[in-house]
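Participant: Add chain B to chain A, keeping to what the hints say.
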Amino acid sequence: MNNIANDIIEVKDLKVYFDMSRGFLEEILAKEKRQVKAVDGIDLNIKKGEIVSLVGESGSGKTTIGKAILHLVEKTGGNIFFKGEEIDPKNNKEMRLFRQKAQMIFQDPYQSLNPRDIIIDIISEPLEVNKLVKTEAEKRERVVRALEWAGLKPAEDYLYRYPHELSGGQRQRVAIAGALVLEPEFIVADEPVSMLDVSIRADILRLMLNQCRQKGTSYLFITHDLSLAWLISDRIATVYLGKIVEIGDARLMVGKSVHPYTKALVSVMPVPKVRKDRKMTILEGETPNPINIPSGCRFHPRCPNVMGKCRESEPELIEIEPGHFAACHLCSPHNINKKGPRS
Amino acid sequence: MENAKKAARKRKIRKFIESFKTNKMGMIGAIILGIFIFLAIFGPIIYPYDPMQFGTAKDVMAPPGPGRILGSDDMGRDVLGGLISGTRISLAVGILATIISMVVGTIIGVASGYYGGRTDAILMRFTDMFLVIPWLPLMLVLAAILGSSIWNIILVIGLTSWAGTARVVRAQALSIKERQFVERAKSIGADDRHIMVKHILPNVFPLVFANTILVSAVAILSETTLSFLGMGDPTHPSWGMMLHFAFESGAASVGAFWFLLPPGLCVVAVVLAFTFLGYAFDEILNPKLERR
Numbered sequence: 507m508n509n510i511a512n513d514i515i516e517v518k519d520l521k522v523y524f525d526m527s528r529g530f531l532e533e534i535l536a537k538e539k540r541q542v543k544a545v546d547g548i549d550l551n552i553k554k555g556e557i558v559s560l561v562g563e564s565g566s567g568k569t570t571i572g573k574a575i576l577h578l579v580e581k582t583g584g585n586i587f588f589k590g591e592e593i594d595p596k597n598n599k600e601m602r603l604f605r606q607k608a609q610m611i612f613q614d615p616y617q618s619l620n621p622r623d624i625i626i627d628i629i630s631e632p633l634e635v636n637k638l639v640k641t642e643a644e645k646r647e648r649v650v651r652a653l654e655w656a657g658l659k660p661a662e663d664y665l666y667r668y669p670h671e672l673s674g675g676q677r678q679r680v681a682i683a684g685a686l687v688l689e690p691e692f693i694v695a696d697e698p699v700s701m702l703d704v705s706i707r708a709d710i711l712r713l714m715l716n717q718c719r720q721k722g723t724s725y726l727f728i729t730h731d732l733s734l735a736w737l738i739s740d741r742i743a744t745v746y747l748g749k750i751v752e753i754g755d756a757r758l759m760v761g762k763s764v765h766p767y768t769k770a771l772v773s774v775m776p777v778p779k780v781r782k783d784r785k786m787t788i789l790e791g792e793t794p795n796p797i798n799i800p801s802g803c804r805f806h807p808r809c810p811n812v813m814g815k816c817r818e819s820e821p822e823l824i825e826i827e828p829g830h831f832a833a834c835h836l837c838s839p840h841n842i843n844k845k846g847p848r849s
Numbered sequence: 006m007e008n009a010k011k012a013a014r015k016r017k018i019r020k021f022i023e024s025f026k027t028n029k030m031g032m033i034g035a036i037i038l039g040i041f042i043f044l045a046i047f048g049p050i051i052y053p054y055d056p057m058q059f060g061t062a063k064d065v066m067a068p069p070g071p072g073r074i075l076g077s078d079d080m081g082r083d084v085l086g087g088l089i090s091g092t093r094i095s096l097a098v099g100i101l102a103t104i105i106s107m108v109v110g111t112i113i114g115v116a117s118g119y120y121g122g123r124t125d126a127i128l129m130r131f132t133d134m135f136l137v138i139p140w141l142p143l144m145l146v147l148a149a150i151l152g153s154s155i156w157n158i159i160l161v162i163g164l165t166s167w168a169g170t171a172r173v174v175r176a177q178a179l180s181i182k183e184r185q186f187v188e189r190a191k192s193i194g195a196d197d198r199h200i201m202v203k204h205i206l207p208n209v210f211p212l213v214f215a216n217t218i219l220v221s222a223v224a225i226l227s228e229t230t231l232s233f234l235g236m237g238d239p240t241h242p243s244w245g246m247m248l249h250f251a252f253e254s255g256a257a258s259v260g261a262f263w264f265l266l267p268p269g270l271c272v273v274a275v276v277l278a279f280t281f282l283g284y285a286f287d288e289i290l291n292p293k294l295e296r297r
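Sequences listed follow chains A and B, in order.
Take any residue in the first sequence, note its place counting from 1, add 506, and you have its number in our numbering.
Take any residue in the second sequence, note its place counting from 1, add 5, and you have its number in our numbering.
For reference, chain A alone in the conformation it holds in the complex (with noise of 0.2 Å):
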């Protein structure tokens, strides 16, 4: 996992928690502090030109991971390397340099576009704020290019519409290339395409491909869909409960899983054509709260294969083959053949 040459994201055991906001009689009596934790503990890398995707049920904690990385919210501890040098963000400077080269890609392009903008300035806010465009045709140039690299083409139609007189799908453009706009290094887009119809997803999809292809830029994907990572990414983190429980190459992650966790997002994936054979793992219930996380391992509660040991000690993460990590006490290497899913 030590790549560090070309690493251009290195998360060393990343935590975010925040405070739960106590009454005043608990404030007086000074209870424990209640913390939920969002992140708890995690380690990254993304290289150069990769797409590295997070997995996880909705609470899990992957857009806080996200959001994290990009010093959107704030960490409680653990350090976060862009090309291999630590931001402080407290210091203007350094974080003015990272903002321009790390990007955000929102969910929901109905919320991530001030409704009272028109799309030249939505996509030039970026270039003004850090001032690198001096003259309007220069802005105008870089916008038109954006758009028409999102695919919004001929541009010169959109750049002074309003949002709302854009479908949903064009709307995603938009914000994507408002994230372009600056041609940044490293893309964290949270669920790019969970509010878009499936008839435009894979257009999306396909725009931000080929645009980490042809320009070498890396992104950690968001996603609750692990089809839809497995279509797009190099490598798949799965997330569970503000930790990675399995991280591998994406074809392992689906081929040949090993977490139950992992296995069961794996057996429920929509595939065209079900073997008779297929069995399906539905989990039980929903995510804890992260205030209480679960003592031992975080998944045992939900887990089809329990043991006794999961309800004591917490598994680490190891390396089952080259590249391939899981935190699951099954784990151990003699096991992996016997318990490996039959593919």
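No wet-lab data here; the hints were simulated from the structure.
A couple of the hints might just be wrong.
The list that follows gives simulated cross-link-like pairs (lysine-lysine, DSSO-like), each with its CA atoms no further than 27 Å apart [to be verified]:
#1 B:Lys191 x A:Lys607
#2 A:Lys599 x B:Lys182
#3 A:Lys521 x B:Lys182
#4 A:Lys645 x B:Lys191
#5 A:Lys521 x A:Lys589
#6 A:Lys762 x A:Lys553
#7 A:Lys599 x A:Lys554
Computed footprint of chain A on chain B; a stretch qualifies when at least three of its residues, placed anywhere within it, have a C-beta under 8 Å from a C-beta of chain A [unchecked claim]:
#8 180 to 192
#9 199 to 212
Think of the CB as a built atom: it goes at the ideal place given N, C-alpha and C, for glycine as much as any other residue.
Facilitator: Same frame as chain A, but now just chain B:
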């Protein structure tokens, strides 16, 4: 390309006017206010009037008749002339005071809502102070200390009426700063000032606008009250000042209704017009109230 930008803006304004036209209350308010604004601007040209030109003894509190439509006041001056020149003073004071109130209220509201935490606590306690102090005594005291020039009156009214605006704007700013486009602005490296000016302000503006018009009504009423109580600027006689003199000279007891009623009715009409307009704008600009 600037033309296209203007066209986009124009489309928006046209849409606003379209929905305004169908709003009866708003149209009534606009028409009444339009008449008074016309009088304020062109009145003194159409109907010249000199407040220093006093009439003879037989003119004092003369009832309406030929040559003086609304009769004359306790100094034998023409009431209609006084009314028209008072329009200008009353409206000017009301509007200028509202501008002060709006600027102060918006700045405090946006800063308070956006920064939150300690800034919010301090600014809001300060606002609460202005909200709970009975405004009339406060205005009287301030006017008495500062002296009764017209500029002081504008200042006093402006500085006592911003608290409500600040509260409303803060509430809206609180909700807007959680919207995703603000987060997007942060993620591209925008600083607080940029976010407040480019994102928060344009989105609270409709609210500020509707609120402004309602504050104007209150400001004009305040000016009338202050002048009626004798705190007005005697060199700039407003409607309130006319009421003051009418009351002092006993117009009510001698039955000189032509001296007492017109300025009172004018105040009522203008305040009503502003209130109608305010509600109409609120209805149009606040999408949640929109009727379908």
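Participant: Each hint should be assessed against the structure and marked as holding or not.
Facilitator: Hint check:
1. With a C-alpha separation of about 14 Å, the suggested pairing of Lys191 (chain B) with Lys607 (chain A) holds against the 27 Å cut-off.
2. Among the hinted pairs, Lys599 (chain A) with Lys182 (chain B) is consistent with the structure: their alpha-carbon atoms are about 24 Å apart, no more than 27 Å.
3. Distance restraint check for Lys521 (chain A) and Lys182 (chain B): the Cα-Cα separation of roughly 25 Å lies within the 27 Å cut-off, and the hinted pair is therefore satisfied.
4. This hinted pair checks out: Lys645 (chain A) and Lys191 (chain B) have alpha carbons roughly 20 Å apart, not beyond 27 Å.
5. Annotation: proposed proximity of Lys521 (chain A) to Lys589 (chain A) holds, straight-line Cα distance about 20 Å (limit 27 Å).
6. Using a Cα cut-off of 27 Å, the hinted pair Lys762 (chain A) and Lys553 (chain A) holds, with the two alpha carbons roughly 23 Å apart.
7. The hinted pair formed by Lys599 (chain A) and Lys554 (chain A) meets the criterion: a straight-line CA distance of about 24 Å does not exceed 27 Å.
8. For the stretch 180 to 192 of chain B, the stated coverage by chain A holds: 8 residues have a C-beta nearer than 8 Å to a C-beta of that chain, and at least 3 were required.
9. Here's how the stretch 199 to 212 of chain B fares: 5 of its residues keep a CB closer than 8 Å to some CB of chain A, so the rule of at least three is met and the hint holds.
Comparing the model with each earlier hint shows no violations; every hint is respected.
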